[in-house]
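So the sequence shown is numbered by the working numbering: it starts at 1 and just counts up by one.
There are no misleading hints in this set.
Restraint-style ranges between C-beta atoms, simulated for each label pair: (1) T103 x S27: 50 to 58 Å; (2) N61 x E33: 15 to 23 Å; (3) F41 x T103: 37 to 45 Å.
Hints are computed from structural coordinates only; laboratory data are not their basis. Backbone N, C-alpha and C define an ideal beta-carbon position, used for all residues, glycine too.
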Amino acid sequence: MQLTRAADYAVRVMIHLAGLPPETRASRADLAEAAECPEQFLSKVLQSLTHAGLVVSHRGNTGGFELASAHRNASVLQIIEAVEGPVRLNLCLTGPHACERQTWCPAHAVWAEAQAAMKGILLKATIGALAEEAALLRAPVKLDGPVHGPAWN
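All chains, please: the whole structure from these sequences, using the hints.
As structure tokens, then:
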């Protein structure tokens, strides 16, 4: 399974919005730049996130997009599913009668376990935590004392 570009951009946008002060709005152009995404493509992503209630859209001169207040701790799984629909590793996992082989297929249990593990990881990862990590990764490194060359010299 590979995530679509839309899902990747959606997660990037949500991380960016979660890193802004509460009630701060960002324009579509700003979000496109932050997500390194074509603005036209991002429109569809933002529409999906807004429809799912994860993002609030404001019109007018002071318009823009902001993170819905209740969704700072939205999971990465919620965001992916808002853009792509249910995450499924294999078609046989879409429902109890999706595959006639599931009762005797030796791979079915492997697919089910892998999907459960993947969804568990995506559910545990929150946008708020990822935004905090992003801020740390962008923070300037402060050096105290002299800078020395590599230890292996």
